[in-house]
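With chain A held as given, fit chain B onto it using these hints.
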Amino acid sequence: MMLCRVAEDVLWMSRYVERSLAVGRLIEVSQHLEFDEQDDPATRAARWAPLLAPRPNDGPLPSLLVEVAEERAAARTVRQWLAFHKDNPRSIVACIDRARTAARQVRERISSEMWESLNSLHLFLGNPALPEVAERNPHAFFQRVRNEAQLIQGLADATLAHDECWHFVRLGTFLERADNVAHTLALQAHLLRDDGRNEADMVRWISVLRSCGAAEGYARYYSLRVEPARVVEFLLLNAQFPQSVRFSLQQAWKALRALSADDAASAIPRHSASAATRALGLLSAQLEHAAVDEIIEGGLHRYLNDVQRDLARVTDHVTRIYLRDEPHEGALVGVARATRLMAEQQQQARRQS
Amino acid sequence: MSAHPATEPMPFVPSVPRSALESYDLGGFWDEVFERPGVPRPHYVALSRRLATLSPEEVEGRRRAADLSFRVGGITFAVNQGAEGVEKIMPFDLVPRVIVPEEWDRVSRGLEQRIRALNLFLDDVYHGQRILRAGVLPPELVLGARGYRRELRGVDVPLGVYTHVMGSDLVRDASGELCVLEDNLRTPSGVSYVLENRRVLERVWPQIFHDYDVRPVEGYPQDLLGVLHAIAPPTAEEPVVVVLTPGVYNSAYFEHCALAKAMGVELVQGSDLFVDDGAVFMRTTQGRRRVDVIYRRIDDDFLDPLAFRSDSMLGVPGLLACYRLGRVSLANSIGTGVADDKAVYALVPEIIRYYLSEEPILGNVPTYLPVRRDDLRYVLDHLDELVVKSVNESGGYGMMIGPHASRAEIAEFRARIMADPRNYVAQPTLALSRHPCWVEDHLEGRHVDLRPFVLFGREVRITPGGLTRVALRSGSLVVNSSQGGGGKDTWVLARSDA
Numbered sequence: 000m001m002l003c004r005v006a007e008d009v010l011w012m013s014r015y016v017e018r019s020l021a022v023g024r025l026i027e028v029s030q031h032l033e034f035d036e037q038d039d040p041a042t043r044a045a046r047w048a049p050l051l052a053p054r055p056n057d058g059p060l061p062s063l064l065v066e067v068a069e070e071r072a073a074a075r076t077v078r079q080w081l082a083f084h085k086d087n088p089r090s091i092v093a094c095i096d097r098a099r100t101a102a103r104q105v106r107e108r109i110s111s112e113m114w115e116s117l118n119s120l121h122l123f124l125g126n127p128a129l130p131e132v133a134e135r136n137p138h139a140f141f142q143r144v145r146n147e148a149q150l151i152q153g154l155a156d157a158t159l160a161h162d163e164c165w166h167f168v169r170l171g172t173f174l175e176r177a178d179n180v181a182h183t184l185a186l187q188a189h190l191l192r193d194d195g196r197n198e199a200d201m202v203r204w205i206s207v208l209r210s211c212g213a214a215e216g217y218a219r220y221y222s223l224r225v226e227p228a229r230v231v232e233f234l235l236l237n238a239q240f241p242q243s244v245r246f247s248l249q250q251a252w253k254a255l256r257a258l259s260a261d262d263a264a265s266a267i268p269r270h271s272a273s274a275a276t277r278a279l280g281l282l283s284a285q286l287e288h289a290a291v292d293e294i295i296e297g298g299l300h301r302y303l304n305d306v307q308r309d310l311a312r313v314t315d316h317v318t319r320i321y322l323r324d325e326p327h328e329g330a331l332v333g334v335a336r337a338t339r340l341m342a343e344q345q346q347q348a349r350r351q352s
Numbered sequence: 000m001s002a003h004p005a006t007e008p009m010p011f012v013p014s015v016p017r018s019a020l021e022s023y024d025l026g027g028f029w030d031e032v033f034e035r036p037g038v039p040r041p042h043y044v045a046l047s048r049r050l051a052t053l054s055p056e057e058v059e060g061r062r063r064a065a066d067l068s069f070r071v072g073g074i075t076f077a078v079n080q081g082a083e084g085v086e087k088i089m090p091f092d093l094v095p096r097v098i099v100p101e102e103w104d105r106v107s108r109g110l111e112q113r114i115r116a117l118n119l120f121l122d123d124v125y126h127g128q129r130i131l132r133a134g135v136l137p138p139e140l141v142l143g144a145r146g147y148r149r150e151l152r153g154v155d156v157p158l159g160v161y162t163h164v165m166g167s168d169l170v171r172d173a174s175g176e177l178c179v180l181e182d183n184l185r186t187p188s189g190v191s192y193v194l195e196n197r198r199v200l201e202r203v204w205p206q207i208f209h210d211y212d213v214r215p216v217e218g219y220p221q222d223l224l225g226v227l228h229a230i231a232p233p234t235a236e237e238p239v240v241v242v243l244t245p246g247v248y249n250s251a252y253f254e255h256c257a258l259a260k261a262m263g264v265e266l267v268q269g270s271d272l273f274v275d276d277g278a279v280f281m282r283t284t285q286g287r288r289r290v291d292v293i294y295r296r297i298d299d300d301f302l303d304p305l306a307f308r309s310d311s312m313l314g315v316p317g318l319l320a321c322y323r324l325g326r327v328s329l330a331n332s333i334g335t336g337v338a339d340d341k342a343v344y345a346l347v348p349e350i351i352r353y354y355l356s357e358e359p360i361l362g363n364v365p366t367y368l369p370v371r372r373d374d375l376r377y378v379l380d381h382l383d384e385l386v387v388k389s390v391n392e393s394g395g396y397g398m399m400i401g402p403h404a405s406r407a408e409i410a411e412f413r414a415r416i417m418a419d420p421r422n423y424v425a426q427p428t429l430a431l432s433r434h435p436c437w438v439e440d441h442l443e444g445r446h447v448d449l450r451p452f453v454l455f456g457r458e459v460r461i462t463p464g465g466l467t468r469v470a471l472r473s474g475s476l477v478v479n480s481s482q483g484g485g486g487k488d489t490w491v492l493a494r495s496d497a
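In the order they appear, the protein sequences are chains A and B.
Numbering that gives the first Met the number 0 applies: residue 0 is where the first sequence begins, and numbers increase by one.
Numbering that gives the first Met the number 0 applies: residue 0 is where the second sequence begins, and numbers increase by one.
Note that these hints are calculated values from the structure, not bench results.
Any given hint could turn out to be false.
Examples of chain A residues lying across from chain B (beta carbon under 10 Å, computed) [claimed, not checked]:
| no. | residue |
| --- | --- |
| 1 | Met0 |
| 2 | Leu2 |
| 3 | Val5 |
| 4 | Thr100 |
| 5 | Arg103 |
| 6 | Gln104 |
| 7 | Glu107 |
| 8 | Asn118 |
| 9 | Phe167 |
| 10 | Leu191 |
| 11 | Ala218 |
| 12 | Tyr221 |
| 13 | Arg224 |
Only some residues are given here: those of chain B computed to face chain A with a beta carbon under 8 Å [claimed, not checked]:
| no. | residue |
| --- | --- |
| 14 | Arg197 |
| 15 | Glu201 |
| 16 | Cys256 |
| 17 | Ala259 |
| 18 | Thr284 |
Heads up, simulated SDA-like pairs for lysine to any residue below, C-alpha to C-alpha not over 25 Å straight-line [said to hold, decoys possible]:
| no. | chain 1 | residue 1 | chain 2 | residue 2 |
| --- | --- | --- | --- | --- |
| 19 | B | Lys87 | B | Gly246 |
| 20 | B | Lys260 | A | His121 |
| 21 | A | Lys85 | B | Val71 |
| 22 | B | Lys87 | A | Gly212 |
| 23 | B | Lys87 | A | Lys253 |
| 24 | B | Lys87 | A | Leu186 |
| 25 | B | Lys87 | B | Trp103 |
| 26 | B | Lys260 | A | Thr100 |
| 27 | A | Lys253 | A | Gly212 |
| 28 | A | Lys85 | A | Asp96 |
| 29 | B | Lys260 | A | Leu122 |
| 30 | A | Lys85 | B | Glu86 |
| 31 | A | Lys253 | A | Arg308 |
| 32 | B | Lys87 | B | Leu429 |
| 33 | B | Lys260 | A | Ser110 |
Predicted model only: the values in this text are computed from it and were never measured.
C-beta atoms are modelled at their ideal positions from N, C-alpha and C, and glycine is treated no differently.
Bound conformation, chain A alone:
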């Protein structure tokens, strides 16, 4: 049993931490590409523009996007926007800030270890000299942020009881991860259209793997033969690798099933509880039985869009079912009745005194 407000904050805390990881990896990998590719303005725009592509609910486009499109913005400006800018709701700093705000609302519910690591990451990112430091030694910076964010996730597993609160943490992490990996893949879907397997494309596909933290995992499954279809297969459909969309969906579904198992024990039967579980189960099953060639044939971009749309629906279901316990109509009647009883008591007391 958890307060709705608390469950919502726990879920979003966890999503924002996972999001900061995804954003950090994307920046790091794109930056890495700079060393591998020649730096003419067109390539540069091609490299950074996808990262600036707006996501649903992100608000108006930053003017920066226009500048990148017009090849005026320096790579540095883009990196700073992605990592540090407070106006960018998906910047690492903004993600950790939001995660920390959510955690602060529920710090009595999460473990002190989690709160303290999140708070110290937040304090670390608050250092005004940091953008400069990160520019000078990006690897050390991104590694530290990644390590600390992963520490928070690890602490959730190691220090929380694996009860409802933990299931909401897991649900947040894996919904967010599935969404981010699908998004990263969608950004590169256009590369599949070119049949030419040139060297630059290979570098890009490796960078896709890296930006999902999956380069080593891929190598174990497919050796280092980087084939676009295999990369898509690995990131989308692999059942064992923790950064794949399918794996993430399975974990999210497990969390949701555990949450709805609690429903059965709750005093009030909840007929709608299965809607979220069912939607996620369908999506998960779809990926379980999918073949990568068919997906590519039918259009990878469209497929991934559908996955992201379905994920958004699952989030809506979860929000409606678990996080919004609206007062039902009887509540006001209850207040009125109690107030009347109180008035009677008061009268009685007045008569006595």
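Coordinates of chain B only, in the frame set by chain A:
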């Protein structure tokens, strides 16, 4: 890679020891540590010996470690600055305050006597009003107090206890006796600092505990939970307890979290609760769940928009009705403000005598009530010597310290007192005792008070010590954290032969 790289102890570079107490000046005040210049009181001998040999680098290192510990732990309070809250840590002084068992014994007996008398008073005020009929207290003073809630007339509260948590402020008078400066009977805060100051000091300076046998404080949350269970409605078999907070922007939010967490209960906001059919429920992921006991950290005024301030977004509509019906218990009860009204405070010795037929063990600070004609004349003639306080404010707001006030301020308070004498009390300016505190690389005397925390359910329990608050600005008498005050760990010794 560690999550807290910066909390690792700083490497201590030894320097030539120079006594940090070398030029310590008692300044003519009652000093907690020194009987006379250079001569520590017996229970401070071991501590002052240790302090004298510390290098400034070591102190600085430990102080930084302590600050970091508070910061990383998010042990902060919000300072009221418009809508935007600024998170600050409460400055922590490393030198603990030490209290001997004999003195603590007197203090705890005095506090127990006080809380019992005040609860008999509250019960009387909300029922038969014997004390008013007997002419011991002027009815207009009591019934006219802002904290008096006529909605509570005739309501029987569980165990007849109204103030489950009391945080009285104690100070030393000129002779060195601890006496009560004010009672906090509504939603006293600060107990989390008692727990955290101890935890942090143990963490950053464990050696300092070796010379002393210090009584633990960590039982507080357990004791509090015991009280909350004890007052649950009799119908609740396994009472569901919650802590009700105004939210993250409240200055004591950290404390609300810490207590809820330590007790293992939900921390709720007003919007998490609703009233249905005379009972209180919380909205959970599993549907509604009945709530039996609310440890509320919201003032009466904001508790129920139907009964009190209708613009309150923090409260729960219908809560008062449920409370009156006995379907939910509140700690503290509604209406306790009448007993910690600063004017009623002046009469607490009378209250103790009336209900318990005992002499007060802990004295009061002499207090003038301008509502009485003689007192008014005296107060107006001596404004430049007195401390004037508004009866309804706390946190060091709404007060004037005569000797430190400008002519304009004095004139302003004169006008205010004459316009509304009931709203003010005046007390002689106290020479609060001082305690050595680290200032840069040496120790200087700073004024301190003491806020012990008293719990009252089936019995009275007092956590040994309490929060020692320090006025960190040189010469300042204001110890409130909202006004630049700091804190110290406070030790009650288990044995007197330390």
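Status of the hints after comparison with the structure:
1. Met0: Hint on methionine 0 (chain A): holds, closest Cβ of chain B at ~5 Å, below 10 Å.
2. Leu2: Where the cut-off is 10 Å and the nearest Cβ of chain B is about 5 Å from leucine 2 (chain A), the hint holds.
3. Val5: With a minimum Cβ separation of about 8 Å from chain B (threshold 10 Å), the hint on valine 5 (chain A) holds.
4. Thr100: Nearest chain B Cβ about 8 Å off; hint holds.
5. Arg103: 6 Å, holds
6. Gln104: With Cβ-Cβ at 6 Å, under 10 Å, it holds.
7. Glu107: Holds: closest Cβ of chain B sits about 4 Å from glutamate 107 (chain A), inside 10 Å.
8. Asn118: 5 Å, holds
9. Phe167: 8 Å, holds
10. Leu191: 38 Å, violated
11. Ala218: Status violated, d = 25 Å.
12. Tyr221: Because about 31 Å separates tyrosine 221 (chain A) from the closest Cβ in chain B, which is outside the 10 Å limit, the hint is violated.
13. Arg224: 34 Å, violated
14. Arg197: Violated: closest Cβ of chain A sits about 16 Å from arginine 197 (chain B), beyond 8 Å.
15. Glu201: 16 Å, violated
16. Cys256: 4 Å, holds
17. Ala259: 4 Å, holds
18. Thr284: 5 Å, holds
19. B:Lys87 - B:Gly246: 16 Å, holds
20. B:Lys260 - A:His121: 22 Å, holds
21. A:Lys85 - B:Val71: Distance ~22 Å between lysine 85 (chain A) and valine 71 (chain B) Cα, so the pair holds.
22. B:Lys87 - A:Gly212: Given that 25 Å is the threshold and the Cα spacing comes to 38 Å, the pair is violated.
23. B:Lys87 - A:Lys253: At roughly 41 Å apart (the allowed maximum being 25 Å), lysine 253 (chain A) and lysine 87 (chain B) break the hint.
24. B:Lys87 - A:Leu186: Since the Cα atoms of lysine 87 (chain B) and leucine 186 (chain A) sit roughly 43 Å apart, the hinted pair is violated (cutoff 25 Å).
25. B:Lys87 - B:Trp103: Violated: lysine 87 (chain B) and tryptophan 103 (chain B) sit about 31 Å apart, past 25 Å.
26. B:Lys260 - A:Thr100: At roughly 18 Å apart (the allowed maximum being 25 Å), threonine 100 (chain A) and lysine 260 (chain B) satisfy the hint.
27. A:Lys253 - A:Gly212: 23 Å, holds
28. A:Lys85 - A:Asp96: 9 Å, holds
29. B:Lys260 - A:Leu122: Distance of about 23 Å is within 25 Å: holds.
30. A:Lys85 - B:Glu86: 19 Å, holds
31. A:Lys253 - A:Arg308: 20 Å, holds
32. B:Lys87 - B:Leu429: Distance of about 28 Å is beyond 25 Å: violated.
33. B:Lys260 - A:Ser110: At roughly 9 Å apart (the allowed maximum being 25 Å), serine 110 (chain A) and lysine 260 (chain B) satisfy the hint.
Going down the numbered hints, you'll see the structure goes against 10, 11, 12, 13, 14, 15, 22, 23, 24, 25 and 32, while the others check out.
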